[in-house]
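**Student:** So the sequences go chain by chain: A and B.
In our numbering, each number is its position in the first sequence, counted from 1, plus 435.
In our numbering, each number is its position in the second sequence, counted from 1, plus 3.
Any given hint could turn out to be false.
Stated by the list, open to error - Below, computed lysine-lysine pairings styled on BS3-like, alpha-carbon distance capped at 30 Å:
#1 B:K45 x A:K497
#2 A:K550 x B:K45
#3 B:K65 x A:K572
#4 B:K46 x A:K550
#5 B:K69 x A:K534
#6 A:K551 x B:K24
#7 A:K497 x B:K69
#8 A:K506 x B:K65
#9 B:K69 x A:K550
#10 B:K142 x A:K561
#11 A:K550 x B:K24
#12 A:K551 x B:K146
#13 A:K468 x B:K45
#14 A:K457 x B:K69
#15 B:K46 x A:K457
#16 B:K46 x A:K468
#17 A:K536 x B:K24
#18 B:K45 x A:K536
#19 B:K45 x A:K506
#20 A:K561 x B:K146
#21 B:K65 x A:K534
#22 A:K568 x A:K602
#23 B:K146 x A:K550
#24 B:K45 x A:K534
#25 B:K142 x A:K562
#26 B:K69 x A:K546
#27 A:K506 x B:K146
#28 B:K121 x A:K562
#29 A:K497 x B:K65
#30 A:K506 x B:K46
#31 B:K146 x A:K546
#32 A:K546 x B:K45
#33 B:K65 x A:K550
#34 A:K533 x B:K69
#35 B:K24 x A:K534
#36 A:K546 x B:K94
#37 A:K551 x B:K94
#38 B:K94 x A:K568
#39 A:K561 x B:K24
I should point out that these hints are in silico values taken from the structure, not numbers from a laboratory.
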Amino acid sequence: MQQNLLHLLCKKNNISYIIFDKHFRVVEAHLIKISIGSDIRDFLWELVGLEEDILKIYSTQKPIELPMVLKGTNYYDLELETFFSDTKEELFIAYMQKKSKQTNQYANVIKEINKKTLIYDTSQEKKDGLYFKQISKRLITFHVDLDGIITQVNDVCTHFFNIEKEKIIGQHFSYFFHTQKSQLNQHSNIFSATNSLDKNIFFHADIIPITNNTNKIIENIIVAQDITYLKQIEKELEYASEHDTLTGLANRNHLLVSLDKYLNEKKNLYLCLVDIDGFSIINEEYGSHAGDMLLKHLTSILKSIIDPKDSLYRLHKDTFAILFEAEKNKNYIEDLLEKLKESFLSNPLIYSADDTVEFSCSILILWDKNELHTSKEILNQSQKEMQKLKIDKKLSR
Amino acid sequence: MFTYKIVLVGNFGVGKTSLIKRFVENSFSEEYLSTIGVSISKKTIDNATIMIWDIEGHTEFKPIFKQYLLGSKGFIIVADLLREETIDAIKNHIELCHNVVKDAPICIALNKSDMPHKLDEHNLQAIKSLSPTIIEVVKTSAKSGDAVENIFFKLNQKITSQL
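Next up, chain B with everything else stripped away, as it sits in the complex (with noise of 0.2 Å):
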């Protein structure tokens, strides 16, 4: 059995919570309770314990606290579909991801895909040829499960694949 560790990076109240706990407990919260600190979730898929870090999201006066995110295999960059500002600093986080763990594989979700958008095939690819490392770019909603275990999945294919 393989244990390893990921971070999931983004602005605050974009869902990385809420993504996690889909994923981990397959339930699902519509009350915001933002992550303090962080906090630490496991899951068992296939042959390999993922050790989730639910780390808190940036926001205009706190950054994100680089230590946390030491040691990771791989990232999921998570963002808002409804609010622009958090899709546009994919890339800052991208930058941030790479500069603790080089050439680490990305995953970006784009969260609240229940919810009307306006983000097209066409800005996934702008998003998508932000970095090499970035393996998928996925619209998720933690709140009906769509694509979350995919993410998590497609991840942990590509972190195992380098072992």
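Only chain A is shown next, with the shape it has when bound in the complex (with noise of 0.2 Å):
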């Protein structure tokens, strides 16, 4: 009865099967050419492997469900169960369920969507389009139309700014970015913007205008490229440009743009220039390096000293120059100038264990000079007098 109901459901549900004994030889067959006491796993290769797992199905209640298994051009679904026979025989059944016709056409479908994912995979259009994926990364992009309105954004500028798209389509560029002045052109493609870290970044911009079929500008795509980095090696110049390497002091340069600003604003002028005295005399007998280290030690000398809202500089060789804020008044001056022999005294350079150098310094004050209308001119005053005193100081030994 059990198997006559059997018999009747596969064929209905065009279903085939196999019953096997748990040493998997054959028992039962329904349209399948198959010997009766044959080993399954000989028609069935699926199940090698599967012995000890189909073995625990009695236990487990888990049947074994292999799902489209390609046997010469059809597929069928194969589960494994458990199956008592009349005779109450723990055994198991193999159901082979043939798919339809429809389920061969969708397979054949995915076969041609791979082929054609894997051609484009293998091609340069992908690898180019990696190549682009990755710039694109980097580079914000929007479009405005002709008034500045922005239309669109990649992700790259919601990203940077931290606002979502939705608030930054419809406003004002120039709300985002602004540009800065070009000392080379009259319109800079530069311009910088306020990232979510609140840090200002500057980009170089080029602007792709995007034309209409009557070659009408419609709108513009700008595509920003962060050059913080050029604007970082820019003040790096700067720097350099007004400053000593050795002492890191600011130079004369420096001098000449403060002094500059000294007289443009009437302040008080009071400069100092410090000159090492005899330094080719000590270069030449300890040797340039000696020297050099003379030099530093000197400038962390008068570091020491100083009021830190005055300004030192190095202008050449061993001068030296102090530039007082225009508050301290002479008697200041004089009394820190008397510290400074003193120290250079009292500190002399410790080259090595056997090499101490001692040092004096001439001291030079230069007070209002009203004649006086340049920086430069100052400056040139200031270091004739230097010499001056120098030449009457070696005279007077």
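Mind assembling these two chains? They're in different frames, but the hints should get you there.
**Tutor:** See the structure below:
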């Protein structure tokens, strides 16, 4: 009765089956030509390796399902379950349901898609696409209409500002991006914007006009490349042009700028020059390295004594300058210069265990010089006076 | 005679079917026919009969069906030397195999070696170090037949030695 019902149901649903025992010997088959008593694994290769799992089905009550098994040109689903014989013997049944024509057609469609995907995957087109993707990950791109209103933005842009796309679109681009004045051209392609971390970032912008059929520009695409590093280099070059590399002090150029500022603002000007006596002799006696060390040593003495509000410069070779802030008075400066002289005497440069370099400096103070009009005039005058002072000092020895 | 199952695992289009065809029938076709579901081939070498499962490759939309890996004595994970993403996927395939059959031996076939590629010895070592169960990482070519038999024999040797 049980087998008859099974036959009927399987026939109706186009299912074939094989019943087999725990030794994998075929007990019965339906719609399949297979010898009774033969090993089912010779016919169903799918069962090789699954023996342990099949024998466990009685305890786990979990059938084993293997969908879409291809045999020849047809697909079938295989399902392995428990089966009790009329004599209550514990057997197993393997159902094979042949897949419909539609399934075969579906499989062919998937094969076709896979084929096209593979062709694309290995194509130059995809490689180029990947390169562009990498590049576009770093570029802010936005569209603006002819009135400068932002109409589209890419993800890099929204990520940069950490603002939703909807809140950027519709705004004038100048709300986010600020044009920089160019010293080279009338129109600058450099602009800056403040990112979500409140950092000012500089961009170089390429403006790509988009035209319609009649060649009329309807909008512009702006592609912005971060050039903050170039700005950083610019700053470093600016710094280097106004500073001395040995001592790290501001140099003559910087002093000229500061003096001009004083002159423009008509501030009280107190300038002091400090020059090492016999520096060339020290260089000859101890070597140029010792000379460099002495310059650094003098720098640290000057820095430790002068007020941080006053400014220290190295003009050239062994000549230093102190520009006092306008509020300082003569008494203060004279006291300070005394301290400096004492400090030079009591702090010789200990160059090595055997070499102690004693030194002194000539100091010149330039009080308000109302007759001088430019920074260069002041500096030239000061250096002339310093030379005279040094000659007098030599003659008096 | 010992009969056992092995499965070739990898992304779609890496050449799993071609490797099996080269090994079983010593043939090769330039045409790409992707495998849907599973197809099983049989090959006898030395004193063993191997049931070789050629399963549908992993795609962006369809993961590998775990049930197909059940009862496998070893795996050949196949990648395409010309497609970096298939090499990157090896790690995930190893995990998948070990989730179903713990500690099963694995051979890695880096296929299409007949084409110009960038992978060097250093890269092979890096792949080998992904798992101690990897017994061999070999550049293969189903087209020329280069190293194809070698990889099946190496895996067979390991599996039969564990009996």
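**Student:** None of the hints should be skipped; say for each whether it holds.
**Tutor:** To see whether the hints hold, each was checked on the structure:
{"no.": "1", "hint": "B:K45 x A:K497", "result": "holds (28 Å)"}
{"no.": "2", "hint": "A:K550 x B:K45", "result": "holds (26 Å)"}
{"no.": "3", "hint": "B:K65 x A:K572", "result": "holds (28 Å)"}
{"no.": "4", "hint": "B:K46 x A:K550", "result": "holds (28 Å)"}
{"no.": "5", "hint": "B:K69 x A:K534", "result": "holds (21 Å)"}
{"no.": "6", "hint": "A:K551 x B:K24", "result": "holds (22 Å)"}
{"no.": "7", "hint": "A:K497 x B:K69", "result": "holds (15 Å)"}
{"no.": "8", "hint": "A:K506 x B:K65", "result": "holds (22 Å)"}
{"no.": "9", "hint": "B:K69 x A:K550", "result": "holds (23 Å)"}
{"no.": "10", "hint": "B:K142 x A:K561", "result": "holds (24 Å)"}
{"no.": "11", "hint": "A:K550 x B:K24", "result": "holds (18 Å)"}
{"no.": "12", "hint": "A:K551 x B:K146", "result": "holds (20 Å)"}
{"no.": "13", "hint": "A:K468 x B:K45", "result": "holds (20 Å)"}
{"no.": "14", "hint": "A:K457 x B:K69", "result": "holds (25 Å)"}
{"no.": "15", "hint": "B:K46 x A:K457", "result": "holds (26 Å)"}
{"no.": "16", "hint": "B:K46 x A:K468", "result": "holds (23 Å)"}
{"no.": "17", "hint": "A:K536 x B:K24", "result": "holds (26 Å)"}
{"no.": "18", "hint": "B:K45 x A:K536", "result": "holds (27 Å)"}
{"no.": "19", "hint": "B:K45 x A:K506", "result": "holds (13 Å)"}
{"no.": "20", "hint": "A:K561 x B:K146", "result": "holds (24 Å)"}
{"no.": "21", "hint": "B:K65 x A:K534", "result": "holds (20 Å)"}
{"no.": "22", "hint": "A:K568 x A:K602", "result": "holds (25 Å)"}
{"no.": "23", "hint": "B:K146 x A:K550", "result": "holds (18 Å)"}
{"no.": "24", "hint": "B:K45 x A:K534", "result": "holds (23 Å)"}
{"no.": "25", "hint": "B:K142 x A:K562", "result": "holds (23 Å)"}
{"no.": "26", "hint": "B:K69 x A:K546", "result": "holds (21 Å)"}
{"no.": "27", "hint": "A:K506 x B:K146", "result": "holds (25 Å)"}
{"no.": "28", "hint": "B:K121 x A:K562", "result": "holds (15 Å)"}
{"no.": "29", "hint": "A:K497 x B:K65", "result": "holds (24 Å)"}
{"no.": "30", "hint": "A:K506 x B:K46", "result": "holds (16 Å)"}
{"no.": "31", "hint": "B:K146 x A:K546", "result": "holds (21 Å)"}
{"no.": "32", "hint": "A:K546 x B:K45", "result": "holds (24 Å)"}
{"no.": "33", "hint": "B:K65 x A:K550", "result": "holds (15 Å)"}
{"no.": "34", "hint": "A:K533 x B:K69", "result": "holds (22 Å)"}
{"no.": "35", "hint": "B:K24 x A:K534", "result": "holds (25 Å)"}
{"no.": "36", "hint": "A:K546 x B:K94", "result": "holds (25 Å)"}
{"no.": "37", "hint": "A:K551 x B:K94", "result": "holds (26 Å)"}
{"no.": "38", "hint": "B:K94 x A:K568", "result": "holds (25 Å)"}
{"no.": "39", "hint": "A:K561 x B:K24", "result": "holds (29 Å)"}
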